[in-house]
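> Sequence:
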Amino acid sequence: ATLTDLAAEANALYAAAKRSRGALDFEDLLDCTNRLLQDHADVQAQLASGIDQLLIDECQDTNPVQMGLLWRLVAGEALAAPPGKLFMVGDVKQSIYRFRGADVSLFGEIARRLGEDGQLSLDTSFRTHAAGLAFVNRLFAPLIGESYDAINAFRQDVPPQTPIEILLAADDDGDMNADKATSAQAALVAARIRELVDSGEPVVWDSAAKECRPARYADIAILFVRMTASADYERQLAAAAAVTPRPSRKS
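Counting from 1, position 164 in the sequence shown corresponds to residue 164 in my numbering; the numbering is continuous, with no gaps.
Everything labelled a hint here was simulated from the structure, so no lab data went into it.
This structure is a prediction, so every number in the text was calculated from the model and none was measured.
Where is the CB? At the ideal position from N, CA and C, for every residue including glycine.
Treat the hints loosely; a few may be bogus.
Derived Cβ-Cβ restraints for the label pairs, each shown as a range [stated by the list, open to error]:
1) 27 to 200: 52 to 62 Å
2) 206 to 172: 38 to 48 Å
3) 77 to 180: 54 to 64 Å
4) 169 to 205: 22 to 32 Å
5) 114 to 222: 33 to 43 Å
Could you put together the complete structure from these sequences and hints?
Rendered as structure tokens:
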């Protein structure tokens, strides 16, 4: 109860500060626009008349206010949008904005309204090869359950080596914290990249030559959960590259 009172007081102070400055934040823009459309049918009709087709990307991360606002512009108060007017692109597996009020069930509800004939599954990946997607499907299908849609690979070429590796950073001192864990992971990844490039193993598919070739540094990308760890990886990659001269290879 105390926390609720404090939150209400903080919200009131924040609202007063915005009013004194004549300012609106992101949530205000959504709320004010939604109320404008609700209370003024003529404004809603005028705005809706200017929309022939509406494409909503990343639709799995819309919240109820956003969806209500968009729906009024394409369908008004009807339960179904006019045919060919509304297009949505979304993937429930990629919903990451729940902290901002996103409700992935809204996407599923709108999809059900469109019916089976109004849905198209984009289940083919043109980036990851078949072995990589087999790992993804095997890992996530049990976690997500019946709603999981398996991903198919356009690329059937697979390097001869094991396509998936899991690198585990050791805790030698027994006092591993978040910063040490990030640094240890960065060092391990940097060392493995250096080893992979220096080994000359054919692990990268060359579409022109129709065969696998050795990896170059330019072939490698590191995906981060958040960019706050990038500096550690930059330092470790620079250190790994400067350990010993890279052996020259004849072309």
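> Any hints from earlier that this structure breaks? Give me their numbers in increasing order, please.
none
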